[in-house]
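In order, the protein sequence lines correspond to chains X and D. Going by the UniProt record's numbering, the residue at position 346 of the first sequence is 346; the numbering climbs one at a time, nothing skipped. Going by the UniProt record's numbering, the residue at position 572 of the second sequence is 572; the numbering climbs one at a time, nothing skipped.
Watch out, some of these pointers could steer you wrong.
A pair counts as met if it fits within one copy or between any two copies, since identical chains are not told apart.
[Claimed, not checked] Calculated cross-link-like contacts (lysine-lysine; reagent style BS3-like; alpha-carbon spacing at most 30 Å):
#1 K362 <-> K330
#2 K149 <-> K492
#3 K481 <-> K82
#4 K481 <-> K492
#5 K585 <-> K140
#6 K585 <-> K149
#7 K330 <-> K481
#8 K82 <-> K123
#9 K140 <-> K492
#10 K211 <-> K119
Worth flagging that the hints you see were computed from the coordinates, not collected in a lab.
There are 2 protein chains.
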Amino acid sequence: MRRAARLGSGAAAVVPRSRTLVLTSRPGFSNSPNRNAARSNQRSFQSGSKLDSVAEATVIGGPSPLPEVELPEIPETPTKNKRVTIGEILERRRKAGRLVAPTAAGCDSGVFKGDSTGKPPAKDLSHHLSFEAAIREPCKLKQAARHLKTPGIISLGGGLPCPEYFPISSISLNVPDYLHSPTLSPPEVHPALQDITIGKYDTLPSAPDRKEYDLSIALNYAQAHGSAQLIRFVTEHTELVSNPPYADWKTCLTVGSTGALEQTLRMLCDASRNDSILTEEFSFATALETAHPLGIPTFGVPIDDQGLIPSQLDHILSTWNPSERRGRRKPHILYTVPSGQNPTGATQGPERRKQIYDVCSKHDLVIIEDEPYYYLQLPPTTAPAATPTNTTDFLESLLPTLLSMDTDGRVIRMDSFSKVLVPGSRLGWLTASDRFIERFLRHAEVANQGPSGFSQVILHKLLDETWGHEGYLKWLMVLQKEYTERRNTLLKACDEHLPKEVVSWEVVRAGMFQWLHLNHHLHPDFQTKSILEIEEEIFNSCISKGVLIARGSWFRAEQDLPPTGLYFRATYAAATPENMTEAIKRLGVAVRESFRL
Amino acid sequence: MRRAARLGSGAAAVVPRSRTLVLTSRPGFSNSPNRNAARSNQRSFQSGSKLDSVAEATVIGGPSPLPEVELPEIPETPTKNKRVTIGEILERRRKAGRLVAPTAAGCDSGVFKGDSTGKPPAKDLSHHLSFEAAIREPCKLKQAARHLKTPGIISLGGGLPCPEYFPISSISLNVPDYLHSPTLSPPEVHPALQDITIGKYDTLPSAPDRKEYDLSIALNYAQAHGSAQLIRFVTEHTELVSNPPYADWKTCLTVGSTGALEQTLRMLCDASRNDSILTEEFSFATALETAHPLGIPTFGVPIDDQGLIPSQLDHILSTWNPSERRGRRKPHILYTVPSGQNPTGATQGPERRKQIYDVCSKHDLVIIEDEPYYYLQLPPTTAPAATPTNTTDFLESLLPTLLSMDTDGRVIRMDSFSKVLVPGSRLGWLTASDRFIERFLRHAEVANQGPSGFSQVILHKLLDETWGHEGYLKWLMVLQKEYTERRNTLLKACDEHLPKEVVSWEVVRAGMFQWLHLNHHLHPDFQTKSILEIEEEIFNSCISKGVLIARGSWFRAEQDLPPTGLYFRATYAAATPENMTEAIKRLGVAVRESFRL
């Protein structure tokens with residue numbers, strides 16, 4: 001086992017913080033074994049030649065055979081899904097040294113992971129790939145860039161503009177300090193605001209306060225997987241939260257989960273193969289609208305207050321008959337939102353998750369775990385509840401992700417910053433097996449080329465350089481507190497203003513949406529009007545009374561079947577507490593009028 | 001003809017600058033006729049019900065019947081592709097008043113256009129749509145948002161986070177002042193730098209220096225077409241440069257031209273219909289790699305130093321025989337880069353463009369006009385040349401775009417900020433007929449949801465609010481000057497260091513690439529080695545000598561045919577002048593060695 005440093009090995013051995021993890025410029029290319037700067041026994045996960053990742057991170061500089069005693073205290077035993085701590089990550093970074101990832105540097109997220117010893121490799125699920133995904137070839141021009149690693153080479157190759165022509169010399173942000181301040185106040189009343197500045201050449205050795213990322217890198221062309229600087233953060237964050245129990249998981253940035261879902265569906269689904277998708281019987285309308293134009297129908301799985309019912313999922317798959325299912329073969333994809341599901345707000349409990357995973361494993365399904373609301377987990381009741389007081393407890397309090405139980409590598413998890421930072425970042429990340437990530441990236445290269453450099457450098461500056469993992473988790477605790485209050489306000493209003501003889505609900509445990517069930521059997525026009533007609537009547541009445549609410553029928557996975565229940569979705573994310581209460585009052589009037597109560 | 005103002009009509013009539021163009025929040029919905037705030041006789045282009053745009057801009061406030069004498073001096077006669085001036089645009093804006101486009105406001109770019117009277121409508125080319133594009137439905141949730149226009153309505157509808165949870169209260173940029181400073185220096189030596197700041201609530205009436213766009217809007221969810229604020233700028237810019245000669249052209253933002261191309265191909269091409277694409281015989285490698293996984297082959301059209309040869313294009317189309325063309329039906333798409341084509345650098349002259357357009361019209365082709373290098377138009381020789389001294393002359397000096405001669409609405413033009421501002425913006429725009437833009441957006445809604453809000457608000461702040469059209473055009477003049485110098489440096493080095501007995505070139509007239517032709521007939525191994533073998537030998541020799549250059553064969557539209565010539569592509573965009581000269585010197589040595597000169 002060797003490790004490498006950019007500076008002379010002697011200096012590196014004495015001053016570990018001067019070590020340098022160098023990612024090659026626009027690579028994808030190295031045949032050298034993947035050596036981990038942190039000596040964390042990082043494996044090099046070489047997949048089949050067809051699926052080889054273009055991008056590969058390397059560590060340059062002479063490998064220095066350091067005595068064992070100097071090595072970091074990272075456990076050599078299999079971690080087996082044990083939680084990784086922030087302290088371990090900080091120590092790993094310290095040992096790895098400065099990250100050097102210049103313009104358009106390739107990056108294998110694996111170099112930022114901890115020890116994978118003892119974890120099994122992902123199963124080969126490449127038989128699920130679509131024709132389009134299977135035949136993709138790496139970009140020729142990006143492949144050629146591997147030669148830029150050659151010392152002293154001058155490039156007349158790629159058409160990358162010089163940063164001297166970028167007409168922005170610095171970007172400054174004003175942000176709350178969640179790392180150092182003990183106050184968990186929301187941003188606009190936070191007592192400790194700070195200005196942080198990103199310069200054009202902050203990574204130059206001559207920079208006064210040298211950084212790892214700057215505008216000259218972030219605003220130029222980049223690899224589709226996103227910058228190494230931000231990939232490091234999301235990879236570590238994924239370890240903190242999920243620490244997937246198989247070895248060759250990877251991450252890459254996305255342009256947000258909406259785009260990531262479309263790319264994933266194109267990667268896995270072929271209309272000509274009679275593919276289809278299973279999902280909650282009420283499912284995110286935009287997800288359904290993403291699948292349908294591709295010729296991919298969606299089929300609903302019955303749900304209860306914990307979402308998908310595993311026995312029903314198993315039954316559907318075990319008894320699948322194409323002739324009863326519009327000619328579609330047995331599905332190989334489950335799309336699910338486990339926490340604060342959209343629209344029902346249902347949140348799968350720990351046992352439920354394990355059961356769903358096991359059914360999917362039994363039937364060889366790929367699971368798309370779409371988790372925009374994961375961090376908005378809320379107390380089970382509106383009564384005052386003990387909440388985590390530190391980030392360790394906060395992490396412990398989070399429900400296990402499907403990814404955290406994914407021994408097969410069949411979960412494709414989509415994370416998003418839209419609900420927890422700003423939707424306008426159009427930036428999220430994917431975690432999946434190396435095989436899937438690699439195919440996904442071959443598409444991203446010709447589709448969106450990864451997220452905006454402005455978004456990347458601003459999020460890196462805020463999350464990584466300013467807040468760090470500790471500060472970011474504190475920020476998530478702030479959000480949790482805020483959304484708990486918002487939910488409680490809505491529920492109090494429901495309790496006071498909705499006619500409980502016809503409207504019922506479960507206290508939502510995560511996310512942004514409260515699902516309301518109206519007993520249509522009690523509607524006076526039950527015999528003469530359809531559910532859709534009653535729903536429309538109430539919806540229109542709400543509009544005329546000044547409240548917009550989402551109709552349950554919009555979210556039905558199978559729009560061709562008649563609805564069996566009457567539902568509405570209400571968000572507590574958008575309105576002020578006063579307006580929310582007023583809106584529920586108006587809804588109550590509309591329901592009473594329709595039901596003639 | 002009426003116009004509207006948000007304030008009392010009396011005040012509006014007296015103080016035109018207080019008028020307010022209001023775009024509805026998350027609309028797409030209004031059935032009201034499209035009224036133009038600037039009284040510019042803007043038509044409302046209603047397409048068929050299937051193709052109706054979701055987004056529609058409206059003007060609210062009481063219509064005030066103002067006396068004719070107060071109306072702006074915008075000519076009532078057909079403009080017929082006459083150049084629009086910056087003065088006219090500024091006057092139009094002044095009359096329209098403040099743009100009010102709140103969070104996720106819908107926007108029909110048509111409201112920002114000048115008079116279209118007398119221009120014909122686009123031809124209906126919807127028979128070219130792919131199956132996927134034809135069946136797309138608007139997003140249900142975005143449609144529902146039309147109700148937000150209802151006065152006093154409270155939304156429990158969409159899950160948009162409150163901006164109070166955006167943990168960034170302001171963003172500041174340091175930028176050169178190209179509007180006021182007479183100096184056309186590049187950014188890093190510019191004498192007038194200024195700090196500009198974007199606040200979270202700059203659009204509030206209570207804001208000290210009230211603006212039209214802020215972080216609370218830009219960083220929340222938005223419509224896929226992009227913000228009205230930036231659409232206005234690119235629409236006006238398109239008028240300044242192209243002023244398309246048909247009535248119902250529209251613009252929308254894209255996540256850059258790479259992504260826009262993929263979306264466009266999916267919109268227009270079906271493998272099952274035996275579709276294919278025509279392009280330059282040497283074409284942008286990434287474009288080819290975008291088409292192929294979709295099952296869409298590319299066929300090359302012969303080129304000369306002005307790019308595509310119209311007679312050859314006509315011949316190919318007139319004599320198309322599927323059995324000789326891998327079973328493909330006669331193509332209906334031309335993909336072309338008219339200015340500084342990648343890789344050949346060829347630039348179509350004005351007459352050439354018209355001829356190409358006419359052939360495409362004759363054979364009913366849709367033209368994808370991909371123009372990242374359009375503004376990098378360079379003098380015809382390296383001799384000192386008179387360059388435009390003001391923005392009017394600069395605009396006059398630009399080659400006519402295919403869009404500017406598009407009477408049919410068959411051009412889909414892709415513009416990009418990558419080469420003229422920063423590639424990392426991942427932001428560009430599309431100009432095409434309303435029908436195509438609308439279908440494109442139905443895809444964007446479920447694919448990427450439009451560009452990053454950080455990119456949008458930063459570019460708006462810089463381009464629109466700080467520089468304006470005048471400052472932006474001056475900036476483009478700076479770039480033109482800089483790239484002229486870079487090109488001349490490369491050409492001087494070629495002249496001095498390449499063996500002209502075997503290497504020849506045309507002085508490139510636009511873009512970033514110089515195309516070099518090597519006469520392989522003069523190669524000593526001509527009889528025993530293939531062109532590809534000689535090309536590889538020289539390429540590898542270059543690498544070993546320390547220069548990376550692009551191989552011509554990478555760009556061949558038809559990779560299955562044997563190459564007929566030996567070419568290399570050299571960029572003058574990336575290296576310093578000294579390095580560029582050194583690199584060409586090394587290339588010269590490699591060529592001499594291979595040719596044994």
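State whether the alpha carbon distance between K211 and K119 is at most 30 Å within one copy, between copies, both, or neither.
-> Neither, since 34 Å and 55 Å both go past 30 Å.
Go through the copies and call it for K82 and K123: within, between, both or neither, with a Cα cutoff of 30 Å.
-> Classified as within; 21 Å inside a copy, 63 Å across copies.
From the Cα coordinates, with 30 Å as the cut-off, is the pair K330 and K481 best called within, between, both, or neither?
-> For K330 and K481, neither the intra-copy (42 Å) nor the inter-copy (62 Å) Cα distance is at most 30 Å.
Are the CA atoms of K585 and K140 at most 30 Å apart within a copy, between copies, both, or neither?
-> So K585 and K140 pass the 30 Å test across copies only (25 Å; inside, 61 Å).
Alpha-carbon proximity context of K585 and K149, limit 30 Å = Answer is between: at 20 Å across copies they meet the 30 Å cutoff, but 66 Å inside does not.
Is it within, between, both, or neither for K481 and K82, if the alpha carbons may be no more than 30 Å apart?
-> within (27 Å within a copy, 59 Å between copies)
Within, between, both or neither: K362, K330 at alpha-carbon 30 Å | within (13 Å within a copy, 48 Å between copies)
When no copy is specified for K140 and K492, does a C-alpha distance of 30 Å or less occur within a copy, between copies, both, or neither?
-> between (59 Å within a copy, 29 Å between copies)
How do K481 and K492 come out at 30 Å by Cα distance, when the copy is not named: within, between, both, or neither?
-> within (16 Å within a copy, 66 Å between copies)
When no copy is specified for K149 and K492, does a C-alpha distance of 30 Å or less occur within a copy, between copies, both, or neither?
-> For K149 and K492, the Cα distance is within 30 Å only across copies (28 Å; inside one copy 62 Å).
Checked against the numbered hints given earlier, the structure breaks hints 7, 10 and satisfies all the rest.
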